[in-house]
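*Asks:* Model the placement of chain V on the given structure of chain Y, informed by the hints.
So the sequence lines, in the order shown, correspond to chains Y and V.
Read in my numbering, the first sequence has 99 at position 99, and its numbers run on one by one without any break.
To get my numbering, take the position in the second sequence, counting from 1, and add 1000.
For the record, the hints were derived by calculation from the structure and aren't laboratory data.
Derived Cβ-Cβ restraints for the label pairs, each shown as a range:
# : chain 1 : residue 1 : chain 2 : residue 2 : range
1 : V       : 1026      : Y       : 61        : 17 to 23 Å
2 : Y       : 54        : V       : 1026      : 15 to 21 Å
3 : Y       : 58        : V       : 1053      : 43 to 49 Å
Remember, predicted model here, so these are calculated numbers, not experimental data.
Ideal Cβ positions, reconstructed from N, Cα and C, are used throughout, including at glycine.
Number of protein chains: 2
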Amino acid sequence: MTFRTKLGAVAVILSTGFAGAAMAQDVGKAVEARQSLMQLYAHYLGTLGGMAKGDMDYDAAKAQAAADSLLAMMTADQSNMWPQGSDTEALGDKTAALPAIWTTYPAIADKGKAAAEAAAALASAAGTDLASLQAAMGGVGASCGACHKDFRQKR
Amino acid sequence: MTFRTKLGAVAVILSTGFAGAAMAQDVGKAVEARQSLMQLYAHYLGTLGGMAKGDMDYDAAKAQAAADSLLAMMTADQSNMWPQGSDTEALGDKTAALPAIWTTYPAIADKGKAAAEAAAALASAAGTDLASLQAAMGGVGASCGACHKDFRQKR
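Just chain Y, same shape as in the assembly:
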């Protein structure tokens, strides 16, 4: 093996190694980004659910703000957040995302669309009155549950 050939081989190993490291970092960041979105779903649903259940006083302006923000989170761009290889079989307990997300695609996109539609209905109702908020919560809860049932690992 000449020096030049050795150098070439090292360069290939290094560049492959760096590519692998870069990809792992990207995958980790993608997982963090989608988990941040989920955290924010939970944050706004905490306010809306608290009012719907009577744990906190109904406030039309606060309910509207939370529902608008929930809808914004559910319609935000997720195109870089679900790379191949970011499921729980690949990443362990860093994610609960089941491989079915990718193997049954676009089933998850349909469920995501249904969730966004339920969030839009909630945003139309949440600022009207408590009864309207309560009536619209069921659709959002059902759409969250439908997605988690098929695509999130049981804890």
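*Replies:* Only chain V this time, still in chain Y's reference frame:
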């Protein structure tokens, strides 16, 4: 001290303890929620900055989606995310939020408004062409930096 008095004292201690625990949990969740928003700012700015710097190819649709989502994150409701006692003096390294956020309020709200306006300008420009995207990135970067300079602890 009678049994009833003792019981009363225990009840006060317990309820105070529970209230403290509930408040700590709420503060922790509030910090997580605002950090999730910041993560998502970084996520979308990563795409937009990557294109602006030439690290990835400019794509009008992707740039527009990222800029729209950044704007949605910057205009999302943060009313429950900054409770008193959620600064770095109270919580240590769980947050970099300086007490100045609360002691100089509403200075941070003005900076937040400026950041949202810069994000709106970016959303108007990002899908036009690369030069428009690049021109609008400076305003967003400056508004991020202005807020971090005054209100985020140096690392």
